[in-house]
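Please take these sequences and the hints and turn them into a complete structure.
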Amino acid sequence: MHALIVVAHHDPRSLTHSLARQIAEGVSAADSDNSFEIADLWAQGFDPRFGAADLAVHHREAPPPADVAAEQARIDRADALVLVYPVYWWSMPALLKGWIDRVFANGWAFDFSADAKLEKKLRHLRVHLVGVGGADAGTYARHGYADAMKTQIDHGIFDYCGACVVTSELLLDSEIQAPTVHLEAARVIGRDLFGASRRSAAAQDIHHCRPVSADAF
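No gaps in the numbering here: position 59 of the sequence shown is 59 in UniProt numbering, and each next residue is one more.
Careful: at least some of the hints might be erroneous.
So the derived label-pair ranges between C-beta atoms look like this [what the hints assert, rightly or not]: (1) G144 with R49: 26 to 32 Å; (2) I176 with W89: 16 to 22 Å; (3) K117 with D11: 40 to 46 Å; (4) G107 with A141: 37 to 43 Å.
If you are wondering where the hints come from, they were derived from the structure by calculation, not from laboratory data. Quick reminder that beta carbons are idealized off the backbone N, C-alpha and C, glycines included.
Quick look at the structure:
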């Protein structure tokens, strides 16, 4: 089994990057046949700006640019997609959102036209979300931020394409919590990644994705 772990943070020394590495180590520790790839969007210089070429793809007037096609191929090779990111203003960073804007394109992630029904094309994809937040759980609950993120990300992005969000985790209090707590949690996420996906597939009915865990939300 192969995991694509996507990281959106400019500092390789950050907790976000450390969590991604721990998830990767957990994936490997679970089964020696497992593999992983860490996609560091900042280091690879991915351009998150949705431009004229991307609009042409959306209108089915042109094939995707080379950088977008390469990212789509990465996802196609993966049995699980893991997004690891800091929470900025109760959402994901612009770099990661731009990656989704450009990569999850019409014709690949879904098929849509004005005279046809929406076809969700990523029903095979298993997604795991790991957000790193500075606030505490009470703040997220009190203001509805957690529910808003679930609506925007889990449902608004991935369900639109048919992808199953198997786990959604918010690792909170990141600026005051001892990092070892979150690092250990990340290793557990990685170790159970494919087990959770298998259980999700077993529980999935013909119409709906049934997440095994949505502890953060």
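Hints, one by one, checked against the model:
{"no.": "1", "hint": "G144 with R49: 26 to 32 Å", "in the structure": "holds (30 Å)"}
{"no.": "2", "hint": "I176 with W89: 16 to 22 Å", "in the structure": "holds (19 Å)"}
{"no.": "3", "hint": "K117 with D11: 40 to 46 Å", "in the structure": "holds (44 Å)"}
{"no.": "4", "hint": "G107 with A141: 37 to 43 Å", "in the structure": "holds (39 Å)"}
The structure fails none of the hints (numbered hints given earlier).
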